[in-house]
Amino acid sequence: MSGWKVFGSRAKRLEDPALLTGQGRFVDDIILPEMVHAAFVRSPHGHAKILGIDKEAALSIAGVYGVFTLEDLRPFLNNERLVVGLPSPSYKQELDRPALADDEVVYVGEPVAIVVADTRYIAEDAAAMVDVDYDILPAVSDCRAALEEGAPLAHSSSPHNILAQFDMGYGAVDSVFESASHKFSESMWQHRGGSQSIECRGAVSIYDPVEELVTLYSATQAAHTAKNILIDMLGLNETQIRVIIPDVGGGFGPKLVFYQEDVSVVLAAKILGRPVKWAEDRREHFISTTQERDQFWEVEIAVDDDGKILGLRGSMIHDHGAYTARGINLAFNSALIVSLPYDVPCYYMDVVLALTNKVPVTPVRGAGHPQGIFVMERLLDRAARELGIDRAEIRRRNLIPSEELPYTKGLKTRGDAPVVLDSGDYLACMEDAMERIDFVGFPERQEQALKEGRYIGVGLANYVKGTGRGPFETVTVRIGPSGKIMVYSGAAAMGQSTRTMLTQIVAEHLGGDMNNIEVVTGDSSVVAMGIGGSASRQTVTAGSSALLAAQEVRDKALKVAAHILEASEEDLEIEGGEIRVKGVPDLKVELGTVAHAVAGTPGFALPGGIEPGMESTQNFMIDDLTFVNGTAAVEVEVDPETGKVSFLKYVIVHDCGTVVNPMIVDGQVVGGTAHGIGNTLFEWMGYDETAQPITTNFAEYLLVSAPEMPHVELGHMESPTPLNPLGVKGVGECGVVPAPAAIISAVENALSPFEISIGQVPLRPPEIVEKIQDFKAANSQAG
Amino acid sequence: MGESRKISLSVNGKTYEEEVEVRFTLADFLRQQLGLTGTHLGCEHGVCGACTILLNGRSARSCLMLAVQADGQEITTIEGIAPSEDEMHPLQEAFRDNHGLQCGFCTPGMLTTLIEFLGDNPDPTEQEVREAISGNLCRCTGYQGIVAAALDAAQRLREANGA
Amino acid sequence: MKPPPFSYHDPSSVGEVISLLGELENPKLLAGGQSLMPMLNMRYVMPDHVIDLNKVEGLSYIEENGGTISIGGMTRQRELEYSDVIRAKCPLMYDALLQVGHRQTRNRGTIGGSLSHLDPAAELPTVCAAHDATILVQGPNGEREIPFPDFPVAYMTPATEMDELLTGVKIQAWSDGHGYAFVEFARRHGDFAITSAAAMLEVGGDGGITRASLTVGGVSAAPIRMNEIEQALIGQAGDEEKFRELCESCREIDALGDVYASSEYRQHLATVMSRRALVKAYDRATGKA
Ligand SMILES: Cc1cc2nc3c(=O)[nH]c(=O)nc-3n(C[C@@H](O)[C@H](O)[C@H](O)COP(=O)(O)OP(=O)(O)OC[C@H]3O[C@@H](n4cnc5c(N)ncnc54)[C@H](O)[C@@H]3O)c2cc1C
Ligand code: FES
Ligand code: FES
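Protein chains in written order, with the numbering used here: chain A, 1 to 783; chain B, 1 to 163; chain C, 1 to 289.
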């Protein structure tokens with residue numbers, strides 16, 4: 001960007017030097033004097049009554065300080081439940097998690113007791129000795145089965161297994177479908193697994209009896225949420241709890257959630273009067289950290305002879321897990337996003353959230369959007385195939401043209417605001433992606449490959465995704481008398497370079513020296529309110545607040561400097577740590593001096609009647625989501641004998657508005673793409689019929705590794721959004737959203753000689769082979 | 001405390017004499033007992049690679065070794081890679097320049113593994129780099145920045161060695 | 001996920017190991033730790049005593065003598081991978097090693113550990129089956145040799161007795177210039193194979209196969225030699241269609257099945273991997289690859 005100092009540049013990250021030399025401080029790196037270690041006793045059953053808990057044997061082990069059950073925590077609890085669900089009128093039942101299991105466990109991994117000992121080793125020894133007497137109850141594992149007549153109840157006290165039900169839509173769907181000339185319906189199974197950040201969760205809590213202060217270091221994405229829930233559960237006031245987020249080794253959604261372990265660790269520290277650490281291990285992560293899981297869709301599209309969409313309707317069953325750990329937003333997102341990039345005259349979706357005896361479901365990077373996009377793109381591929389229209393052409397005919405933006409959809413967001421697609425050029429993105437993958441030349445390549453016995457395929461998928469969810473993120477910018485610029489924010493950093501990004505934004509307006517800026521995030525004591533890192537929101541919310549705060553501080557600094565330098569404000573510029581008169585570099589004053597001038601010296605008036613303090617706090621309010629968009633285009637080769645899918649090329653062209661740092665944006669998109677590839681071809685969180693998890697380690701649950709990962713070619717468009725002063729949109733989830741749709745489209749295309757249609761994610765090698773064998777069997781019979 | 005032993009080992013060039021529980025993994029010993037928390041634990045079953053250290057110059061999972069097995073050995077961790085406090089190793093520089101890390105949790109294992117690999121293979125192809133880090137999972141980067149950093153570092157190291 | 005309590009022993013000789021095995025209750029030998037340590041961390045095994053083999057002298061060597069390759073039980077997979085002897089005399093093993101885990105696991109993991117662990121999908125036992133290797137074990141009554149076909153006695157259970165340890169492996173090299181191939185299908189690079197096939201072929205001047213070895217791994221409880229196919233290969237030229245036809249009999253292998261791969265899928269892969277291994281081995285034997 002011309003004329004900019006650091007904004008928009010590939011500035012090196014400020015986070016890196018510490019992380020590259022082992023000086024980062026993650027929660028498990030915190031070592032305190034007297035600190036003791038926690039492990040949890042967890043339910044081994046999907047569903048059971050607890051008849052009794054015998055702690056004697058565990059307590060007799062040397063080095064064990066305590067074993068606490070809900071019974072033991074009760075005296076300290078103002079509210080026994082973690083009330084975290086985002087509000088919605090569609091709930092049929094409210095099921096909040098208890099701090100520890102009460103008399104019934106409802107999923108494998110549910111914490112039943114916390115054991116504290118000298119080392120984690122001993123805590124694990126003792127946890128194994130806690131004798132819990134269970135009466136096993138029937139468990140419900142499959143969310144479709146959960147809704148059947150006579151299904152076992154996930155909670156024995158519930159009337160049924162429906163957690164929530166809602167519908168959404170617009171237009172005269174039924175009459176349109178009645179008269180439509182072409183209707184195609186599909187059943188789809190979509191599954192996503194856990195976040196599997198390489199750092200698991202963790203918490204360290206300290207209780208200070210003098211100040212009656214609880215300090216919680218937590219690997220969370222939302223310090224203020226944790227603080228507010230603790231205030232509610234423990235009946236404390238705002239000044240008695242401080243939540244600090246250290247370095248976080250990846251979040252991806254589930255770390256937004258406040259957990260039973262967090263409150264248990266806090267109370268164990270209080271009861272024992274010693275700092276307590278709990279570092280989640282990978283097996284715990286698999287069974288007790290929230291995850292995304294299954295959605296079953298029955299959907300139908302109506303199109304005219306030219307492939308113009310007439311309407312789309314359907315229903316979806318969503319696996320909610322055993323409790324509400326965040327709300328219904330995930331299923332809502334999936335249903336909301338389906339029709340968005342396209343001109344869909346009428347739409348209807350009915351959604352049921354079913355309770356199962358599995359760990360609660362909450363958003364993972366992408367938050368339901370990949371599923372919704374998959375539905376739309378699969379239906380378009382189907383329609384294209386049936387009508388003999390090219391897959392790109394049918395999209396061209398239906399994408400919302402850029403001239404029509406802003407475009408108001410007939411749908412409402414979770415906050416009941418209309419969905420307005422703000423800016424972008426969807427068609428141009430698609431054309432660019434097609435160009436890069438040579439979509440037009442592909443059929444020839446495919447024909448050639450087939451002659452060599454190779455099955456290659458190309459696929460593409462368009463997406464939009466709402467980002468930058470409000471309402472706000474507070475940022476304070478302050479210049480101290482030292483001249484150092486401090487930036488405080490309720491935002492949370494978990495690998496998305498929040499610090500660098502805020503620094504670039506602030507530095508741009510305050511001298512351009514990134515080294516002169518110190519960013520403090522993730523500490524509930526530095527700003528009063530905060531939302532944290534989710535829904536690709538931080539650049540939008542915190543970034544906008546930072547911009548406004550920096551601009552206000554700049555104005556103020558210039559005003560004071562003008563007074564000191566006896567110059568006019570317009571003639572001044574900020575360069576590094578100085579404010580100087582343009583063209584007269586010697587006429588200058590240091591930022592620190594300027595800050596000092598308004599710091600307030602007893603008996604002296606502030607210059608020019610300016611308010612004291614060189615600082616500004618801003619809460620830029622966001623009402624509307626800003627929509628990123630893009631297209632993924634993928635070329636794959638499928639080995640029909642083994643079912644292996646390999647990538648020949650992976651292109652993603654996307655538009656996330658103004659770019660603060662292209663290097664960071666690229667990193668986010670490629671990282672998201674890897675997650676999407678994992679979801680499509682590798683990751684599967686399996687449970688058996690009794691709701692026992694069967695993939696609980698990294699040998700069973702496969703993350704994509706470097707050799708399987710293609711080089712991702714990126715294309716950028718920049719349509720700044722009018723909705724915030726930076727023009728930025730969120731980027732953290734861009735890569736993941738179109739991946740399943742594009743990859744499956746390509747695989748289906750590669751296997752077109754076998755007339756295979758695919759409506760599922762993940763798709764694993766044995767399933768591909770089976771589909772091919774089925775085709776061959778059917779054909780040999782027919783032939 | 002369970003059975004313990006006295007061990008003596010060198011970590012990042014410094015000699016330590018320590019009493020350690022025999023069931024302690026090397027990773028826990030480095031992190032908890034020596035305070036060298038730059039080595040991370042991501043799975044404790046040998047798959048993620050975050051805990052990788054150099055054992056006598058060879059990359060190894062520190063979650064799959066007992067601390068007592070390091071008696072008499074030389075260990076290098078991420079804290080010991082840089083030549084000095086204010087200078088980073090060319091691989092570390094390349095990671096920063098190529099955005100080879102986001103959250104930084106996998107980074108210790110990536111760096112140690114690649115240091116060994118670039119010693120074995122100073123002029124690798126992209127595919128060879130990808131295979132070299134097949135035992136190191138990263139959830140943030142999609143590996144692209146890491147692969148770029150490794151290739152960049154290989155070139156820097158070759159140039160530094162006058163190749 | 002931390003190991004349970006145990007006592008630790010680090011003997012320096014095979015004799016000491018054997019006496020410890022005889023004396024101690026519920027001991028477990030620790031070699032490279034790349035399979036045992038995860039199981040300890042997950043507390044899937046709970047030994048009272050861990051006997052570390054890493055300081056035992058004389059168990060790490062790679063030697064070749066008159067076509068016999070001798071490998072010590074504690075020889076690391078990396079040493080095998082970088083050994084000129086292995087590359088020249090047992091190239092099938094080299095081919096296989098590149099697919100065993102990752103560089104970090106090969107740096108620690110040993111051949112003896114792999115054979116003793118005896119995962120049905122592990123590459124090194126499959127190589128030993130293909131080569132009719134001889135396994136050397138030592139116990140209180142001295143050394144004994146176990147021909148590889150007798151080594152696996154059940155799923156992940158070797159014929160080594162409780163008071164014995166595996167000290168080495170002997171492999172007969174095939175003639176120089178033989179064709180070989182280790183082909184496997186794994187979900188990701190470095191994963192245990194779902195199914196693998198190891199083929200070795202000697203081919204006469206007329207292009208006809210004179211000697212054949214074909215082993216399938218990962219399908220049944222232990223690597224399985226496809227004797228009938230081997231016999232049928234003798235005299236054949238390298239015709240892929242013929243290989244395909246012969247490999248169809250892999251569908252009759254008594255196959256394992258689980259949620260990741262059904263027995264039918266494994267049988268199917270066995271036909272594919274076998275054929276591909278034979279094609280590649282034949283091409284190598286005839287200088288085409
Ligand atoms: C991420 C990862 C990926 C892997 N991928 C593969 C793969 O693709 N293919 C593959 O084959 N392996 C793979 N492995 C396992 C491999 O690395 C191990 O090296 C091997 O299975 C065991 O060898 P070890 O020396 O590490 O033995 P250990 O783990 O120390 O021991 C394994 C077992 O053998 C016993 N044992 C060891 N030595 C002896 C002996 N001399 N006599 C009697 N008993 C003995 C032990 O008591 C133990 O029961 C992988 C491991 C990891 C962590
Ligand atoms: S922690 Fe050692 S490999 Fe994951
Ligand atoms: S940078 Fe986060 S796991 Fe690799």
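In case anyone wonders, no lab produced these hints; they're calculated from the structure.
Since this is a predicted model, take the numbers as computed values, not measurements.
Watch out, some of these pointers could steer you wrong.
Said to hold, decoys possible - Straight-line distance between alpha carbons at most 25 angstroms, and here's what the computed PhoX-like set of lysine-lysine pairs gives:
#1 C:89 with B:6
#2 B:6 with C:55
#3 A:451 with C:242
#4 A:451 with A:5
#5 A:308 with A:412
#6 C:28 with A:451
#7 A:409 with A:308
#8 A:451 with A:183
#9 A:412 with A:92
#10 A:776 with C:55
#11 A:588 with A:559
#12 C:55 with B:14
Here is what the structure says about each hint:
{"no.": "1", "hint": "C:89 with B:6", "in the structure": "43 angstroms, violated"}
{"no.": "2", "hint": "B:6 with C:55", "in the structure": "16 angstroms, holds"}
{"no.": "3", "hint": "A:451 with C:242", "in the structure": "21 angstroms, holds"}
{"no.": "4", "hint": "A:451 with A:5", "in the structure": "55 angstroms, violated"}
{"no.": "5", "hint": "A:308 with A:412", "in the structure": "24 angstroms, holds"}
{"no.": "6", "hint": "C:28 with A:451", "in the structure": "56 angstroms, violated"}
{"no.": "7", "hint": "A:409 with A:308", "in the structure": "17 angstroms, holds"}
{"no.": "8", "hint": "A:451 with A:183", "in the structure": "35 angstroms, violated"}
{"no.": "9", "hint": "A:412 with A:92", "in the structure": "21 angstroms, holds"}
{"no.": "10", "hint": "A:776 with C:55", "in the structure": "57 angstroms, violated"}
{"no.": "11", "hint": "A:588 with A:559", "in the structure": "13 angstroms, holds"}
{"no.": "12", "hint": "C:55 with B:14", "in the structure": "23 angstroms, holds"}
Checked against the numbered hints above, the structure breaks hints 1, 4, 6, 8, 10 and satisfies the rest.
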